Every structure is written in C-alpha cells, then in structure tokens.
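These are the residues of each chain, in order.
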Amino acid sequence: MPYDYAPFPYTAPAGLTEPEPRQRVVIVGAGPIGLAMALELAQHGVSSVVLDDNNVVSVGSRAICWSKRSLEILDRLGVGARITDKGVTWQVGRTFHRAAEVFCFDLLPEDGHKMPAFVNLQQYYVEQFLVEACQANPLVDLRFMNRVTAVTQNGFTTVEIETPDGAYTLESEYLLACDGAKSPLRQMLGLEFDGELFEERFLIADIEMQGDFPSERRFWFEPEFHSGQSALFHKQPDNIYRIDLQLGWDADPEAERQPEVVVPRIEKVVGHSDFRLDWVSVYSFQCRRLARFVHDRVIFVGDSAHVVSPFGARGGNGGLQDVDNLGWKLTAVLDGTAQPGLLDSYDRERTFGADENIRNSTRATRFMTPADGVERLFRNQVLALASKADFARPMINSGRLSKPCVYPTQAPDDSRLPEMTRPGAVAQDAPVGNGWLMDELGRRFVLLCLGSDTPEVSGIDVIKFDPTQMLRARYLGTADRAIYLIRPDQVIAARWVDADAGMIETALSAARQ
Amino acid sequence: MTLITSPNIAQADEFYAELLAAHNGLSDAQSHALNAQLVLILANHVGDPNTLKEALTLARQGFDTPP
Ligand SMILES: Cc1cc2nc3c(=O)[nH]c(=O)nc-3n(C[C@H](O)[C@H](O)[C@H](O)COP(=O)(O)OP(=O)(O)OC[C@H]3O[C@@H](n4cnc5c(N)ncnc54)[C@H](O)[C@@H]3O)c2cc1C
Numbered sequence: 001m002p003y004d005y006a007p008f009p010y011t012a013p014a015g016l017t018e019p020e021p022r023q024r025v026v027i028v029g030a031g032p033i034g035l036a037m038a039l040e041l042a043q044h045g046v047s048s049v050v051l052d053d054n055n056v057v058s059v060g061s062r063a064i065c066w067s068k069r070s071l072e073i074l075d076r077l078g079v080g081a082r083i084t085d086k087g088v089t090w091q092v093g094r095t096f097h098r099a100a101e102v103f104c105f106d107l108l109p110e111d112g113h114k115m116p117a118f119v120n121l122q123q124y125y126v127e128q129f130l131v132e133a134c135q136a137n138p139l140v141d142l143r144f145m146n147r148v149t150a151v152t153q154n155g156f157t158t159v160e161i162e163t164p165d166g167a168y169t170l171e172s173e174y175l176l177a178c179d180g181a182k183s184p185l186r187q188m189l190g191l192e193f194d195g196e197l198f199e200e201r202f203l204i205a206d207i208e209m210q211g212d213f214p215s216e217r218r219f220w221f222e223p224e225f226h227s228g229q230s231a232l233f234h235k236q237p238d239n240i241y242r243i244d245l246q247l248g249w250d251a252d253p254e255a256e257r258q259p260e261v262v263v264p265r266i267e268k269v270v271g272h273s274d275f276r277l278d279w280v281s282v283y284s285f286q287c288r289r290l291a292r293f294v295h296d297r298v299i300f301v302g303d304s305a306h307v308v309s310p311f312g313a314r315g316g317n318g319g320l321q322d323v324d325n326l327g328w329k330l331t332a333v334l335d336g337t338a339q340p341g342l343l344d345s346y347d348r349e350r351t352f353g354a355d356e357n358i359r360n361s362t363r364a365t366r367f368m369t370p371a372d373g374v375e376r377l378f379r380n381q382v383l384a385l386a387s388k389a390d391f392a393r394p395m396i397n398s399g400r401l402s403k404p405c406v407y408p409t410q411a412p413d414d415s416r417l418p419e420m421t422r423p424g425a426v427a428q429d430a431p432v433g434n435g436w437l438m439d440e441l442g443r444r445f446v447l448l449c450l451g452s453d454t455p456e457v458s459g460i461d462v463i464k465f466d467p468t469q470m471l472r473a474r475y476l477g478t479a480d481r482a483i484y485l486i487r488p489d490q491v492i493a494a495r496w497v498d499a500d501a502g503m504i505e506t507a508l509s510a511a512r513q
Numbered sequence: 001m002t003l004i005t006s007p008n009i010a011q012a013d014e015f016y017a018e019l020l021a022a023h024n025g026l027s028d029a030q031s032h033a034l035n036a037q038l039v040l041i042l043a044n045h046v047g048d049p050n051t052l053k054e055a056l057t058l059a060r061q062g063f064d065t066p067p
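Here the protein sequences line up with chains A and B, keeping their order.
Using my numbering, the first residue of the first sequence is number 1, and each one after it goes up by one.
Using my numbering, the first residue of the second sequence is number 1, and each one after it goes up by one.
These aren't lab readings, by the way, just hints derived from the structure by calculation.
Note that this is a predicted model, so its numbers are computed, not measured.
Wrong hints could be hidden among the right ones.
[Claimed, not checked] A short list of chain B residues far from chain A (calculated; beta carbon distances all over 12 Å):
| hint | residue |
| --- | --- |
| 1 | LEU38 |
| 2 | ALA55 |
| 3 | THR57 |
| 4 | GLY62 |
[To be verified] Within a straight-line C-alpha distance of at most 30 Å, the following computed DSS-like cross-link-like pairs (lysine-lysine) qualify:
| hint | chain 1 | residue 1 | chain 2 | residue 2 |
| --- | --- | --- | --- | --- |
| 5 | B | LYS53 | A | LYS114 |
| 6 | A | LYS114 | A | LYS388 |
| 7 | A | LYS464 | A | LYS86 |
| 8 | B | LYS53 | A | LYS403 |
| 9 | A | LYS388 | A | LYS182 |
| 10 | A | LYS403 | A | LYS182 |
[Said to hold, decoys possible] Distance windows between CB atoms, simulated:
| hint | chain 1 | residue 1 | chain 2 | residue 2 | range |
| --- | --- | --- | --- | --- | --- |
| 11 | A | TRP249 | B | SER27 | 41 to 47 Å |
| 12 | B | PRO7 | A | THR506 | 53 to 59 Å |
| 13 | B | THR57 | A | ASP111 | 19 to 25 Å |
| 14 | A | TRP249 | B | PRO7 | 45 to 51 Å |
| 15 | B | ALA59 | A | ASP500 | 39 to 45 Å |
| 16 | B | GLU18 | A | GLU375 | 50 to 56 Å |
| 17 | B | SER27 | A | SER227 | 20 to 26 Å |
| 18 | A | LEU377 | B | LEU20 | 19 to 25 Å |
| 19 | A | THR506 | B | ASN50 | 33 to 39 Å |
| 20 | B | HIS32 | A | ASP439 | 54 to 60 Å |
Note that CB positions come from ideal geometry on N, CA and C, so glycine has one too.
Produce the complete structure using the sequences and hints provided.
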C-alpha cells in the first residue's frame with residue numbers, strides 16, 4: 001500500500017497579529033534533523049519553535065538506513081521502539097562482482113546491545129514519528145507552511161517568515177539552520193559550500209512487490225542484469241524494496257525517470273514484472289561542507305552543514321550525531337552554566353565528524369565511479385584479485401556504513417582500559433540488571449563506576465554496576481575496576497582506573513568548555 | 001627507515017627474468033593489469049603502513065621534476 005501523505009495542520013501563528021516574545025531557540029526546517037533537534041532540546045527543558053515551509057513529510061523515499069547510533073539517539077528522544085518495530089533490521093552486507101559473491105560484512109557480530117546494527121525504514125515514517133512526538137511535546141511549537149525568507153543577527157536573531165496568511169517576524173536567542181542540503185539560510189548568509197560533485201547519475205527506485213528476500217544489503221559491481229557499473233538492493237517495510245542503479249554521467253535524468261524506461265531496467269533486476277513503482281528519481285551526488293557550522297547565533301545542523309553521497313548512509317545518520325552533540329551544549333549556554341565558547345566545541349567536533357563522513361563517502365563513490373585511467377585500472381584489478389586472494393576482498397568499497405567518529409581529546413585515559421571505550425568515543429551498550437546501560441546514560445553528565453568505590457563529587461549523578469563479563473570486555477579490559485565520566489550525549493569524556501574527586505572535577509569542567 | 005633499499009633479492013637476475021616472463025603474451029593493457037595486481041599483492045605482503053608510505057615516496061621520486 002502506498003504511504004498516505006496526510007498533510008499536517010497549519011494554524012495562523014500569533015505573530016501575524018501581534019509581536020511574539022523572543023524565543024530561546026528557533027529551528028528552521030522540519031526534516032529529520034530539525035525535528036530531532038526540537039525533541040533533543042525539549043529533553044533538556046529548552047522550548048523551541050520549528051518552522052517548515054511545507055506541510056507533509058519527505059515525499060518519496062530518501063534515507064532508508066538508520067544506524068545503531070541513530071537508533072540510540074532516537075530511542076532517547078522517545079521514538080526508538082516505533083522505528084525498530086516498523087523497520088527491517090539487518091546487519092549483513094553482501095557484495096558481488098558479476099554473479100559471484102566477493103565480500104561479506106557483518107556490522108554487529110556481537111550481542112549485548114539494545115539496538116541493532118541497522119534498521120531500514122523510509123524517511124517519511126521516521127519524520128512522521130518525529131512529528132507526532134513533537135506535537136505531543138508542550139515544549140515544541142511546530143509550525144507548518146512557515147517559510148523563512150530573511151535572517152539578521154545582532155546579539156540575537158530575527159527571521160522574516162511567510163505564511164498563507166501573510167508575513168511576520170520572530171526573534172530568538174539562537175537560530176538553528178536545519179533547512180537541508182539546499183539551505184536557503186546558507187545562501188542568505190552568503191556562505192560557501194565547498195567540496196566535490198561526482199560526475200555520475202544514479203537511478204533510485206522504490207518498488208513494491210511480494211517476495212521473500214533476506215534482510216541484507218546487496219551490492220553488485222558490473223552486475224549481469226544491468227549494463228551499468230553497479231547496483232544496490234535494500235529491503236524496506238511494507239514490501240518495498242530500494243534499487244539503486246548506476247547509469248553513467250551521460251544519462252538524461254528526465255528520460256531515465258520515465259516508467260517506460262525504468263520498468264524494463266527493474267524487470268531485469270528482479271526477474272519478473274510483478275511489481276509496482278512506488279517512487280523513482282535520478283540523482284547525482286556531492287560531498288561538501290561548510291567551513292564552519294557556528295556563525296555567531298546561527299548554527300548549521302544536518303544537511304545544511306554537510307552533504308555526502310548516500311553509499312554508507314552517512315547523511316541523516318551524521319546529522320543526528322550533530323543533534324546529539326549540540327543539544328546539551330546549547331542548553332548549557334542558554335542556561336548560563338557554560339560559556340558560549342562551548343559551542344566552538346560543537347563546531348570542532350562535528351566538522352571533524354563531517355570530514356570523516358565525507359572521506360568515507362568520497363572513497364566509496366570513487367571506487368564505484370573510478371576516473372578513466374589508473375583509477376579504473378586499480379579498481380578493476382582489486383575486483384579481479386578478490387576472486388583469487390582473500391586480502392583484496394575488504395578493499396572492495398561499496399560504502400563503509402555509518403559509525404560515530406571518535407572525537408580527538410587530551411582527556412585523562414588509562415592504557416589498561418579497552419580501546420573501544422576511550423575518551424572521545426560513544427559509550428558501548430551492555431545489558432545491566434533488567435535493562436540496558438545506554439538507558440542509564442545520557443541527558444546529563446554521569447559517573448559510571450564499575451567495581452570501584454564512588455568518589456564524592458558534587459553535582460553529578462553516580463551510577464554503579466558490578467562488572468559482568470560484557471561490562472568487563474567493553475569497559476575494563478585488563479583492569480579490575482574503572483571510573484568513567486560520560487557526557488550528556490553518551491560520549492566518554494574521561495576515564496581512570498582510580499580517581500579522586502579533584503581529578504574528576506577537573507575533567508568535568510574541561511568537558512564543559 | 002623500515003623500507004629495505006639495499007639489495008635484498010638473492011637471485012636478482014633470476015627474478016627480473018621471471019618478472020618479464022610473467023608478462024609473456026600479454027597485451028599492454030593486460031600487462032598494466034598484471035602489474036596493478038602485483039603491486040596490490042606485494043603491498044599486502046608488506047602490510048606495515050610506514051613501509052608502504054616510504055615505498056610510495058621512493059617510487060614517486062623524480063616524477064615531479066621536469067626532465
Ligand atoms: C537517495 C538518497 C538516499 C539517502 N539514504 C540515506 C540513508 O540511507 N541514511 C541516511 O542517514 N541518510 C540518507 N540520505 C540523506 C538524508 O536523506 C538526509 O541527510 C536528511 O534528509 C537530512 O535531513 P535534514 O533535516 O538536514 O534536511 P531535509 O530532510 O532536507 O529537511 C530540510 C527541511 O527544511 C525545510 N526548509 C527548507 N527551506 C526552508 C525555509 N526557507 N523555511 C522553512 N523551512 C525550510 C524543508 O522543507 C525540509 O522540510 C539519503 C539521501 C538521498 C537523496
């Protein structure tokens with residue numbers, strides 16, 4: 001059944017008749033990032049107004065793959081269970097060269113995590129669930145059919161907004177630009193968006209069909225069923241399947257979108273004609289980012305700040321990590337518990353994250369679309385070698401799937417403790433009691449004490465667990481006890497085998513700068 | 001410096017002849033392909049990233065100065 005794009009209600013905003021009070025935060029854009037941002041701030045007790053020029057969810061399916069880290073973030077925002085219940089869970093990817101399988105990866109080979117490695121779910125469902133959560137939240141004022149047309153800032157921000165009933169202005173302490181890859185706000189501020197366009201076109205089709213396909217990602221180089229360079233196949237809920245076909249740069253995007261061209265191509269992929277086209281588009285992809293994400297009181301989050309090609313699913317997933325990083329920092333600045341300089345760490349950490357995402361997405365896209373000459377030579381020889389030597393298999397790059405980066409930091413660390421939970425990394429989940437460690441972490445700074453005495457530190461929650469085997473593997477390594485300082489975004493700020501209150505207080509105040 | 005740049009192949013003339021023989025009967029394009037595979041195979045055997053960087057730097061020497 002096709003998705004029902006029911007329009008969200010529009011109500012004439014108060015600002016049309018009399019000036020509204022200055023807001024703490026105005027968010028421009030109700031895509032997945034703007035919506036998640038509003039919920040994240042609300043969790044910290046910060047109210048916001050979300051403005052969107054439209055009144056439906058993302059039409060056609062764009063994002064489908066949501067990473068474990070995104071699911072953890074979305075779970076904290078209250079929509080995790082809805083997404084995992086509705087979505088298709090997967091963790092295995094298979095890559096083929098012609099008809100032969102040449103590489104297979106398992107993204108979560110160990111258990112003991114609340115969230116799976118990946119869930120496939122159409123972006124419109126994710127947005128719908130987020131909209132419903134925003135509508136139910138008294139701290140979120142969601143305004144559809146409100147288009148931002150101008151912005152100024154001078155110690156606070158002012159936006160001009162057009163609605164079906166006329167124009168008004170709205171002031172706020174901070175303005176969050178979550179207005180997507182084409183970001184009108186980026187253009188209004190005259191900011192450059194630097195990076196690379198890949199000269200390649202991809203047909204992206206969602207089809208509905210009955211079938212019993214495994215929940216795996218499948219990728220082909222030089223498939224026998226398609227004359228182009230590559231093909232990608234993903235399962236989604238509602239019997240919808242995503243098919244990406246590489247078309248070449250010379251392909252005419254308009255002609256390639258027509259059903260009489262698309263249907264025969266898809267028939268060759270699935271081997272029959274018993275399917276319905278749900279959505280078709282032809283894309284070219286770019287990897288670009290803003291030099292800085294923070295421009296005084298206008299802060300860029302999500303696709304407005306960075307875009308990547310989708311092989312690796314690092315777009316929306318990367319944006320949700322921006323939300324995670326910014327929420328507590330902006331809250332602390334608004335509440336006066338941190339200096340505005342803390343926002344520089346959002347800029348520093350998330351440009352670092354964006355660079356890692358761009359690097360990975362660029363490498364995958366180049367592997368799929370090698371330039372003529374030596375680049376194509378090496379690409380083809382990696383593929384040829386893969387069938388005769390194991391080492392070449394992991395060199396085959398059809399996308400390195402989204403993982404959170406490890407932020408660079410000089411924070412206290414101890415080499416006896418495991419590498420995966422070093423400072424700068426996101427905490428690892430593990431079962432604790434009847435629940436999950438991730439549910440105990442986040443939203444505030446916590447001190448996680450494993451097998452160690454609790455030092456007296458004021459103003460910080462302490463949680464204690466007896467180390468189970470999994471906690472030992474993920475948090476203790478060769479040590480028998482440890483103390484972890486964990487940020488509100490579940491990132492490890494510092495860790496020790498033994499620490500006194502002074503050491504912890506110093507690390508805590510460093511993490512708040 | 002971890003890259004061995006002093007003579008290290010016991011029978012260098014023998015190897016050189018075998019290298020040429022490996023290309024017997026191949027077109028230029030096939031020879032390029034074989035060489036690319038050989039680079040990848042040997043690079044994997046070396047493994048150590050610093051040694052590989054030194055090898056890339058050494059190979060690249062002289063290509064940037066005009067003849
Ligand atoms: C084919 C394809 C496949 C993808 N697959 C994946 C995937 O598997 N996983 C993944 O994580 N990501 C994927 N992505 C990327 C993902 O779709 C984006 O990263 C994500 O949509 C970004 O969200 P956003 O909220 O930043 O921007 P958007 O979703 O673009 O939302 C921006 C919002 O701002 C509104 N807006 C714009 N201008 C104004 C204005 N002037 N006033 C008010 N509102 C305005 C728009 O109407 C829109 O609602 C894919 C993208 C494509 C194209």
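> Does A:LYS182 lie within 30 Å of A:LYS388 when you go C-alpha to C-alpha?
Replying inline: Violated, because 45 Å separates the two Cα atoms, which is more than 30 Å.
### Query
So is B:ALA55 really clear of chain A, every C-beta pair being over 12 Å apart?
Given a closest Cβ separation of 15 Å, the condition holds.
Open item on the list: Against the 30 Å threshold, does the CA-CA distance of A:LYS114 and A:LYS388 hold or violate the hint?
Closed with: The hint is violated at about 38 Å.
* Hint check for A:ASP439 and B:HIS32 - Cβ pair distance inside 54 to 60 Å -> For A:ASP439 against B:HIS32, whose Cβ atoms are near 56 Å apart, the range 54 to 60 Å holds.
Q: Decide if the proposed pair is consistent with the structure: A:LYS464 and A:LYS86, CA atoms, cutoff 30 Å inclusive.
A: Not satisfied, since the Cα-Cα distance of roughly 34 Å exceeds 30 Å.
Given hint A:LYS403 paired with B:LYS53 - CA-CA distance at most 30 Å:
holds, 27 Å
For B:GLY62, is the shortest beta carbon distance to chain A beyond 12 Å?
Since the minimum Cβ distance to chain A is about 18 Å, B:GLY62 lies beyond 12 Å and the statement holds.
Using the C-beta atoms of A:THR506 and B:ASN50, is the stated range 33 to 39 Å upheld? holds, 36 Å
* **12 Å cut-off, C-beta based - B:THR57 kept clear of every residue in chain A** => holds, 18 Å
task = Could you check the hint for me, namely that A:LEU377 and B:LEU20 are 19 to 25 Å apart, CB to CB?
result = Given range 19 to 25 Å: holds, Cβ gap about 20 Å.
*A:TRP249 and B:PRO7, beta-carbon distance inside 45 to 51 Å?*
Hint holds: Cβ distance 48 Å, inside 45 to 51 Å.
Q.
Next pair to validate is B:LYS53 with A:LYS114; report whether the Cα-Cα distance is within 30 Å.
A. Not satisfied, since the Cα-Cα distance of roughly 41 Å exceeds 30 Å.
The structure fails to meet hints 1, 5, 6, 7, 9, 11, 13, 15, 16 from the earlier list, while all remaining hints are met.
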